[in-house]
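Please arrange chain B on chain A, whose structure you already have, making use of the hints.
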Amino acid sequence: MALKIVKGSIDRMFDKNLQDLVRGIRNHKEDEAKYISTCIDEIKQELKQDNIAVKANAVCKLTYLQMLGYDVSWAAFNIVEVMSSSKFTYKRIGYLAASQCFHEGTDVIMLTTNQIRKDLSSPHQYDTGVALTGLSCFVTPDLARDLANDIMTLMSHTKPYIRKKAVLIMYKVFLKYPESLRPAFPRLKEKLEDPDPGVQSAAVNVICELARRNPKNYLSLAPLFFKLMTSSTNNWVLIKIIKLFGALTPLEPRLGKKLIEPLTNLIHSTSAMSLLYECVNTVIAVLISLSSGMPNHSASIQLCVQKLRILIEDSDQNLKYLGLLAMSKILKTHPKSVQSHKDLILQCLDDKDESIRLRALDLLYGMVSKKNLMEIVKKLMLHVDKAEGTTYRDELLTKIIDICSQSNYQYITNFEWYISILVELTRLEGTRHGHLIASQMLDVAIRVKAIRGFAVAQMATLLDNAHLLTGNTQRNGICEVLYAAAWICGEFSEHLEDPMQTLEAMLRPKVATLPGHIQAVYVQNAAKLFATVLRKHEGETDSHAAQETSQLLIDRLPLFVQSANLEVQERASCILQLVKYIQKLQQKKVEVAEEVTALFAGELNPVAPKAQKKVPVPEGLDLDAWINKPPSESESEDEKPKAVFAKEEPKHSRSRHTEVDEKELARRREARKREQANNPFYIKASPSSQKVYDAPGVEHIPVVQIDLSVPLKVPGMPMSDQYLKLEEERRQKEKAERKKEKKKKREKRGKERKADSGPESEEDIAPAHQVDIVTEEMPENALPSDDDDKDPNDPHKALDIDLDKPLADSEKLPVRTHRPEVLKSPAEDRVNESIPQETKKRSGKEKKEKKKGKEKDRKRSKEEKKKKKHKEVEEELLESHPEEAVQSEETKEAATPPTSTSAEASELDFWLCSAPVPPAAQEETAPSSAAAVDTSSAAAPESEPDEPKDAEPEDTKSSKHKKKKQKKEKEEKEKKKKKRHHHHHHHSNAGGEDSVQNGTVEEEEPLPPMSNYFLLAENSYIKMVYDIQGNHQDESKVVVSVIFENKSDSFLKSMEFNVLDSLNSKLQRPEGAGAHDSLTVPFQLPPGISNEAHFVFSVQSIVMPQKLKGTLTFIVKSDESSTHEKLDFKLHFTCTSYLITTPCYL
Amino acid sequence: MMHFLLLFSRQGKLRLQKWFLPLPERERKKIVKDMTTMVLSRKPRTCNFLHWKDLKIVYKRYASLYFCCALENKDNELLALEILHRYVELLDKYFGNVCELDIIFNFEKAYFILDEFLMGGEIQETSKQSIAKSVEASDMLQETMEEYMSKPAF
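In order, the protein sequence lines correspond to chains A and B. Residue 1 is where the first sequence starts when you use UniProt numbering, and the numbers rise one by one after that. Residue 1 is where the second sequence starts when you use UniProt numbering, and the numbers rise one by one after that.
Same shape as in the complex, but just chain A (with noise of 0.2 Å):
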């Protein structure tokens, strides 16, 4: 052994050390690879090695390397030798490796889990500290459930330094194990009023955190914040707190009202300017949630808009930059406010730095108004012409076109100026955002009627002068213009002057170096123009110019027939044939022309983007379902890629594929898309997507590009600058004629009116057309909701949870000592028994605590040990129940929530009433308020703190002798009779307080074993056992109680179960849910775990027996990867099920 160590200290004396290696790396500039590559070698040579001294050396040097961007994955496991050395000096390497080096892939973080729990609990606080730190960095869904109630613990510690760092950590464990918030939360409440100050601003920290995310269930916590507020000195802790009341104003007006005055009073007295940003931001947040009914707050507004002047004229660009968010926000709400500053905010648009100018811009959207939207354009166009940087320059175009457009183009009076604008825009060389411009003019052309004869010769000349456009077609995105144009000329041909020529235009050869797309879009658009050619020439006795006009396709078109792109090449062969049988018939003098316009009548009307999907699916059609047996693993998997509304992907995959069946496959799947393509009712998701068609020969043909360093003035192109003069001079016009107008009237009522020299209002701008926007088509029935648009993947989703309502046995955190039982017993001992009594149990418990109140939460802690004592005890308790312990519970959770976030709810509102509050408000709120007291006075006298106890070991006691003694039981089943009565009662007037009572009564009720589980159906994830129940509620129901028993030890998550219905057994489901739509189980099944679900059927003969088949599916989310699982079942109802049990006497 002493040798050992002398060997280990001779050999480190010749290790690199962290030092040796950075220096290396600096003295070999020039082949820093290969000898980094030698360092590896010899990092491995050390970890081979049995010292631990000489490991976390080398695992040292490994991080840095990890940070120069080496892979060092290979090592997590040294990192985790390192880690759980005794000695504090290799354990911090260890921990710090693997904070670098760890995530949620890494595989050896599973075995880290012990480790860490055994240094959470270390004597030493830094050992545990470490840990907590290494911690936060790689925690994961798995270590969060293991380890928080470890973590809970720390929270108070007796030293601050591990209570602050348990206290931030628990945020990281909420996120991945969202199960933890409701048993934590109380603790991480008293952290508030933690006698240390770090301690205090880490929960600070951590609520304000959480209750950003769901604001609603921390309304509750105002008033402590609001202390805290006021007492705070601490500037970075009261930047939260001020950031936390930001989050809950806008559901709570009242606390904005109160707010006011002490951050108005921040405002003046700060000196901070983060605190001055924060605190002017909040106030814009509560100005916001006022901006109703509050006219008296104009003083504030000015203030904030005043300090944000200030800033925004600071030199200081970062203050600038702020100043104008800020400015933004307050624009939504009060835009007057703002749009007196419109000189600085111009003037910010000429700032040398790109991000001001970007803020500028973003404040310019919503200051436009109808009177000065031309003029700000123009400056917007002036800074088109000058910016150096596409990006930049892309952003303006991007940011003039939302201006103009917002609102359904509100704003613009002129749309002829606008289609300027737009053609102007057209001169951009190497924009991005061609396909808006071009989406623009479409929409503008489409949804105008008026605009479209001047629309049509603005496209007429863009087409004429398609190749200034065009000067590289591969990256230029511009010409997705010639798209719109070309549709706009054949769609709205009827307002050509000379069709013929834009027919010319469309037919060049040029037009084959074109993207496939808009070749399509040509060859259809030609052939409208040629059925107006025809009409426009119909009658005439000389057919010469119809004739030329079909000879002039008929040589065109087959270049376009020769194309590569499908979707051309198509198109051009079906109006090349066309075209050549109208010639035909034209030389036989037949008149054609109606015929082939009837081709293309019709008004295409535009659609809302949202029209897809609010057409509602018809009765009885289940989209989910099969309609044929559903394929082979590896087939579905192969064509997951392929949606049909969605990209094509660009890539073929089939280099990948070696297999003959896999090539098959592919062959497929390429005459599918070959299939797609010539499918007109096929919708091509973007015009991009045709890239995939494109053979090589096109895009081989060298084209010759335009260099044009000198922009041209397109010949005969609008300039929008002259539409600005002309509106000036029309506005002139009007408001001189209204004041004749007036004039008059005032001459003929005599001198009443005084006249109104100011400056015109919005109202007196009249738009130069007569605008008519076609509004859009939505399908008939269409739900009008907006439905929401959030993102299902928020981890913060999971984190919406009411954390008034009192805790639920079942939430307990996990305990270690007592897992492996629970592993065990759901699945040998209970299969037959019934487990329900668990959850009536709690559900008891549940509401005893809930009577509890307020102490409850200070008391939880030690009721908390107790429970564990108890824990065990309570197991062997388990024993069968009564069947209307099912419903009851229902009917409980139905009824209980609302009392006790009442009275939350109502302890908040007098506290806000403190305030001076309109009298109106205070009201209304004077009554719920003494109602809550009466509640909560009545239940006073209840909720004894001992009452759980003394119950618990009765039950205990009477449940384990209850087959020796006979008598007892029978005592205890007259107490039940009583107390069925109670129930019946309860729910014939379903008061709230009398569930309370019922509820306390239950509890000690013995349960007969009455109920029998059966085997449902089972796999190699999950076991599920049922029992089905008469109702005596409502005979024309039964419930089917099933437990679900997570056999796997992978999480089970997103169960769903459903039945297939037959005519009489009906599966209830939520209102608003189809008729096959299954039901979310719910709960998630951590391994070996069980729980119960009911659900409620309706039947309509109780003299028939059914056999209803089901799935469950559900996704195995284990630690590398989730996977999707059915399980199918089959439901027997026989006749007996529906019996009713009743208790007999004997």
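By construction, these hints were calculated from the structure, which means they are not laboratory data. In this text the structure is predicted, and so the values were computed from the model without any measurement. A virtual CB, placed ideally from N, CA and C, is assigned to each residue, including glycine. Some hints here could point you the wrong way.
Stated by the list, open to error - Selected chain B positions facing chain A (in silico; Cβ < 7 Å):
{"hint": "1", "residue": "P22"}
{"hint": "2", "residue": "D115"}
{"hint": "3", "residue": "E125"}
{"hint": "4", "residue": "L141"}
Stated by the list, open to error - Below, a list of computed lysine-lysine pairs in the DSSO-like style, where the Cα atoms sit at most 27 Å apart:
{"hint": "5", "chain 1": "B", "residue 1": "K74", "chain 2": "A", "residue 2": "K307"}
{"hint": "6", "chain 1": "B", "residue 1": "K30", "chain 2": "A", "residue 2": "K176"}
{"hint": "7", "chain 1": "A", "residue 1": "K735", "chain 2": "A", "residue 2": "K725"}
{"hint": "8", "chain 1": "A", "residue 1": "K797", "chain 2": "B", "residue 2": "K53"}
For chain B alone, kept in the frame of chain A given last:
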């Protein structure tokens, strides 16, 4: 909540990285690359804030080092600047007039200081004294261990 904190040199060499969210290696590398190119391409005398995806990037240059952190949408940028400044102060106090080389050669110390100041992307301790105290105390523990280990054990 802060998502990450990076320190890099004017040449774009990473000197320190702290990730408060566990991200796969590949994503980290991409972010580091994006950050260095974005921040280094900023002209002098421009504001210290950037938008990147849905995060706010706050950076500040101290001598030859750029300190760069990413915040969530509602976080306070000025507060982040103060956090960066406080970190520099802490480094300064620990190393005594800190320079880039101090951080290169004692990079684990720079991490230890940061770990006492921030945790999980939140401020852990606002008092400079208590941070210095706990770093010192841990170091003492480490130093004595090292002495102990270097002593011959027989």
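Hints, verified against the model:
1. P22: 4 Å, holds
2. D115: Because about 5 Å separates B:D115 from the closest Cβ in chain A, which is inside the 7 Å limit, the hint holds.
3. E125: Constraint on B:E125 satisfied, holds at 5 Å.
4. L141: Cβ of B:L141 sits 5 Å from chain A, so the hint holds.
5. B:K74 with A:K307: 20 Å, holds
6. B:K30 with A:K176: 24 Å, holds
7. A:K735 with A:K725: 15 Å, holds
8. A:K797 with B:K53: 20 Å, holds
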